[in-house]
Amino acid sequence: MSEFEPKIIIFLCNWCSYAGADLAGVSRYQYPTNARTVRVMCSTRVSPQIVLELLKDGADGVMVTGCHPGDCHYINGNYYTERRMEMAHRLLKLTGLESQRLRLDWVSASEGEKYAGVVTDFVKELKGLGPNPVHKDAKLASRLKAAVDASKNFRLKVLSSKEINLISKGNAYGEKINQQSVEGIMEQATEDEFKASLILQLTNKKSQSVKELAKELGEPTDRTIEHVVSLRSRNLLALDHIDGATPKYKAIVTGGA
Amino acid sequence: MSEQAGAVMVVGGGIAGVQTSLDLAESGIKVFLVERRSAIGGTMAQLDKTFPTNDCSMCILSPKLVELSKNPLITLMTLSEVVGLEGKAPNFEVSVKRYPRYVMEDRCVGCGKCAEKCPSKVQNEFERGLNTRKAIFVPYPQAVPMKYCIDAQHCLYLTKSRCGNCQKVCPAEAVDFSMKETVEKINVGAIVVAPGYELFDAKAKKEYGYGYYENVVTSLEFERMLSSSGPFKGHPVRPSDHQAPKRIAFLQCVGSRDVKVGNNYCSSVCCMASIKEAIIAQEHDKNLKATIFFMDIRAFGKEFEDYRARAENEYGITMFRNARAASVSEDAGTKNLNVRYTSPTGIESEDFDLVVLATGFEPPSAAISLSKNLGIKLNKYGFAETNSYHPLDTSVPGIYAVGAFSAPKDIPQSVAEASGAAAKAGSNVFKSRISYRADEVTETNVEGQEPRIGVFVCDCGSNISAIVDVPSVVEYAKTIPNVVHVEESKYACSADFQAKIKDSILQQKLNRVIVASCTPRTHEPLFRSTVREAGLNPYLLEMANIRDQCSWVHMNEPQKATMKAKILVRMAVAKSRLAEALPTSTFSVNHTALVIGGGLSGMTAALEIASQDFKVELIEKEFELGGNLKRVFVEQDEKTGFQFVSELILKIGQNRNINVHLGTKIEKISGFVGNFEVDTNKGHIKAGAIIVAIGGHEYEPTEYLYGQDERVMTQLELADLLDKKSLDAKVVAMIQCVGSRTKDNPMCSRVCCTTAMKNAIKIMRTNPESTVYMFHKDIRTYGFREDLYLEAARLGAVFIRCKEDTMPELEREGDGLKLSAYDASLEGEIALKPDVIILSTGIRPNADNEEISKLLKVPLDKDGFFLEAHMKLRPIDFETEGVFMAGLAHWPKSADESIAEAAGAASRVITIISKEKLDAHSAVSVVDESKCRGCGMCEAVCPFSAISAYEINPGVMKYKTNPILCKGCGACEVACCTGAITCKHFTDKQIIAQVEACLEEDVV
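Listed in order, the protein sequences are those of chains A and B.
Everything in the first sequence is counted per the working numbering, starting at 29 for the first residue and increasing by one.
Everything in the second sequence is counted per the working numbering, starting at 66 for the first residue and increasing by one.
One should not assume that every hint holds.
[Unchecked claim] Computed list of lysine-lysine pairs in DSSO-like fashion (alpha-carbon distance at most 27 Å, straight line):
#	chain 1	residue 1	chain 2	residue 2
1	A	K204	B	K919
2	B	K442	B	K730
3	B	K153	B	K271
4	B	K298	A	K197
5	B	K153	B	K442
6	A	K155	B	K808
7	A	K180	B	K233
8	B	K716	B	K153
9	A	K190	B	K996
10	A	K152	B	K298
11	B	K751	B	K808
12	B	K1054	A	K173
13	A	K233	A	K276
14	A	K239	A	K167
15	A	K204	B	K927
16	B	K808	A	K197
17	A	K204	B	K808
18	B	K182	B	K135
Calculated from the structure, these hints are not laboratory results.
Predicted, not measured: the structure shown is a model, and the values here were computed from it.
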């Protein structure tokens, strides 16, 4: 059997990283062939949804590259990239898939050698991790699906897009929020939305009790009850039937959150 | 009228010449760019990074060079030299000698086969002799034009009729040994001279040992050592043993501020360049320790002081002030270097592994021949002679000098001047402006058609085909759904293959095209224009990069590289299937310019624009024109500022193209480039472009009993007084940096040292009894201003260097004044009883900056001045298209600098208002109104304020993109919560199709 060759997708921003990858070519820096590149105008164009979907579909690794902070051709696009990939990483950690499979790196137009090095290193790391197990692990697949759904969530989009304003300009009431508390809010929101999406996943096929869900989610039942209550109030989850004394819930299928 | 009539010749293809050429061509004027070397780029191409942003120099320069090479109005004449001039402005006839390249430019594809086989090795001048190149060469990998050139002096065939390898191996048959030198005569209306500068030959300072101590290098050599594309791949080493140096000394003022070698002037940029190199070197190697030896640190530009402070405080770079190194000696065993320098306690010395000499600027070697051939005067140092009020004019009308040719200066100042010279040159030839537009082609409508995709796979000589099995890629491509035509090509970029592509499009009725070859960054424009000529919308072209990102980086894995090439083609096809034709829409342009501010900069800009027959609306909030310079009674070049401004006001009044609005305040600005709408308290103004020239003001001190004692005054007040009478005072104390370089306001105001020198000279000349005592932190008389410093010193001025944090203290003593200070050079307290005290107060931003910045939606920097689009290469542009700045609104500067910059802003404005129409971007975002629920996330993330809300029903908001402002980054599409936004040409659907194609099964 031949050696495992990871499938890697690399997103390159047009102005810095794509030029850096070209420079690696011009300078003949050699690196493994596994990387398949997708050119985008700005790294900010790459949504958490796309990278998570790629991992869900079996990509062994995904890398997003852009201009160094402060160098963005679109002023601050890469700032958002950083925040969005941070969110994608948080979601990835919740799914249980190795979060190293998603990488964010800055490669300038003059860093051909760095680009070659980053790709080589990523391939090496992925070889160490082995193939993405998603196709053999239904539970993981379902969790990745939940992560994709969560990444489309309004609250998370608002947070990752408006974080800069919350820190520098303040909220609608002019209250400035520091980086640390924003991180905390993000962390909590990401976990909540992921779990909500996962509950919808699990209850989509067949109705479940809070206890069953809690086991699946790996958290105390009282936390799960909070999610269930919140989902019911958002009209996404309904009581299906009562099995003995145990209420069973089922997702309301409307075509997505 | 012949094609050449009304053209401008630009001499020198460095950053200044490039900027002048681009500005002129952008405003419809034909340019001949004459460059002595085989490629353009100048010194900037050799730099690793640029201060104070540490931007990669090549990355910011290269796009300008490519843009220039593609501009149809610019004729690039490399290996050429001006040898004669007849006639006068606006009708010169210039003789240009053209040296043979021995390689046909139209054939050479830049593959490099020739250099591989060339046996002759030559010192590489681009790498400052740190390595070798071949006799057939391109000076650097990103050279423009990317055409090889034979160095006739070192070519075996041309010198000894042997070898000829290059001719034999050239697959394009481009080598031609029979080329001869020719002389061409060219008619132009104006000439801009930008030959740059040379570096001082450090060998002339024998005490530093350059040339015989191996580990003593110059700053430009060190720059190449730091460059990742340089000879050491960005890891600096000692030339003697190729070990990484741990202790580096930077010695400033080598061949500058040096009366002994005749270069009395300051080279203006070396302090910052050395700080930058020290920072970069320490970033490369955390254990490296850099030390800088200097007299004064001249950090006078925008954010330079912060950069210097960071170098000292964050990077821990040691800075020895007032310590010009005396000598360097080498330990013969270790090859380490011992640097001797003076300190307040005497002579000291320290050991280093590497010594970097900050060699100063000298006039370019071409200066003397240019002066002879063009008749322009040089100053006493051999630089082009210019005048404070006409900083761009040479002694010959119609010939302009820019960049380092007229004085040592940094990149942004050269770029601003370059634009200024474009305006000046343009005023000689504007009647021949060409309204250039590509020929209109009727586009085939492909909407709703099943994709019929043509794939063209390039061998790139053997660059691709030597590694990738191209025929196998061709066979594979034929099997991909929707691909109906596949063709292999030796060189897909060659002129004959463009004709083939067009034929195939027409015959096979292709509605999508893929070229699998090199990078779209350089070749997309070419293939786009090819498909367009065959009637396809340019956005129906896709490229697969199978060279730069495949064959070149997988040279040892041909099989895997072939597989990757196939997958890259498959991904391109997947994207191409979903490609849409995007309309190229245009919009009309208002040909009037709006200038805000009626001071020196505003008036200069207005006059420059008006001189090319455009209308100008000049707004001034006061009830008279004139600004700050009206108050300046210091004489310079036989005129005071007041006199010069009075002349300008007269000229403005007589100019029919300029409409002056006094006592006018702006209330609202809307619109965008080409079509701004401005409401003022006096009425409505429409304009195509805007210049912000609202100036700054002198800091009003609260220190040193100012306002409480009439013996204390500012430099401006002193000049006013000196204009009327002489100063009756024996002991004059001048205090520098009042309100500048303080904790509250750390910036340096750039001009105060020079102003103080001028006033000191005037005081001591008119009253020989007077002595001026100047208390300072550094004297920053950059460039030829250093002459004033020397003159003041010669007249007996006494300079007392204070420490960064301890400035002199003033107290009343009876009726008299007592000034005490700590003298950092003598390391002791001194006291003085001055008759008068003159405060050098800095320049502060205009209080209106904040308001104007909000009205125009343009940013301010942290000091409150306006922030330019790019600190190096777009110094007078705002990021917002169509808005520019000049003068003190940007940063403190002297009158000559403001004048050059104002002319520059005028030129930038003319590049817009001279056009009939502007193109709107095509690959922009579009909002689907039915899906938009008005949350505003898109607006929040849009960096260009291109998205705004509108109300469809009372209280129901929707968002839409203004395609003129949108640059297609895609931030909004990702932020959108309902999927209402699509960013054209890089849609979600296209990206997903591409990555799915990537995840499909591998192909063998």
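These are the hints, each one checked on the structure:
1. Distance hint between A:K204 and B:K919 is fulfilled; the C-alpha atoms sit about 21 Å from each other, no more than 27 Å.
2. With a CA separation close to 44 Å, the supplied pair B:K442 and B:K730 exceeds the 27 Å bound.
3. Of the pairs offered as hints, the one joining B:K153 and B:K271 is violated, with about 46 Å between alpha carbons and a cut-off of 27 Å exceeded.
4. A C-alpha spacing of about 43 Å is found between B:K298 and A:K197, which places the hinted pair above 27 Å, so the restraint is violated.
5. Distance restraint check for B:K153 and B:K442: the Cα-Cα separation of roughly 16 Å lies within the 27 Å cut-off, and the hinted pair is therefore satisfied.
6. In summary, the hint linking A:K155 to B:K808 is not supported, as the alpha carbons are separated by about 54 Å, beyond the 27 Å threshold.
7. For the hint pairing A:K180 with B:K233, the CA-to-CA distance comes to about 60 Å; that exceeds 27 Å, so the pair is violated.
8. Our distance criterion of 27 Å between C-alpha atoms is met by B:K716 and B:K153, whose separation comes to about 25 Å.
9. Between the alpha carbons of A:K190 and B:K996 the distance comes to roughly 21 Å, so the proposed pair stays at or under 27 Å and holds.
10. With a C-alpha separation of about 24 Å, the suggested pair A:K152 and B:K298 falls inside the 27 Å cut-off, and the hint holds.
11. Restraint check: the Cα-Cα separation between B:K751 and B:K808 comes to about 43 Å, which exceeds 27 Å; the hinted pair is violated.
12. The straight-line distance between the Cα atoms of B:K1054 and A:K173 is roughly 18 Å, inside the 27 Å bound, and the hint therefore holds.
13. Between A:K233 and A:K276 the CA atoms are separated by roughly 12 Å; this keeps the pair inside 27 Å, and the hint holds.
14. Between the alpha carbons of A:K239 and A:K167 the distance comes to roughly 18 Å, so the proposed pair stays at or under 27 Å and holds.
15. Among the hinted pairs, A:K204 with B:K927 is consistent with the structure: their alpha-carbon atoms are about 20 Å apart, no more than 27 Å.
16. Simply put, B:K808 and A:K197 have alpha-carbon atoms about 25 Å apart, close enough for the 27 Å limit, and the pair holds.
17. With a C-alpha separation of about 26 Å, the suggested pairing of A:K204 with B:K808 holds against the 27 Å cut-off.
18. Between the alpha carbons of B:K182 and B:K135 the distance comes to roughly 30 Å, so the proposed pair goes past 27 Å and is violated.
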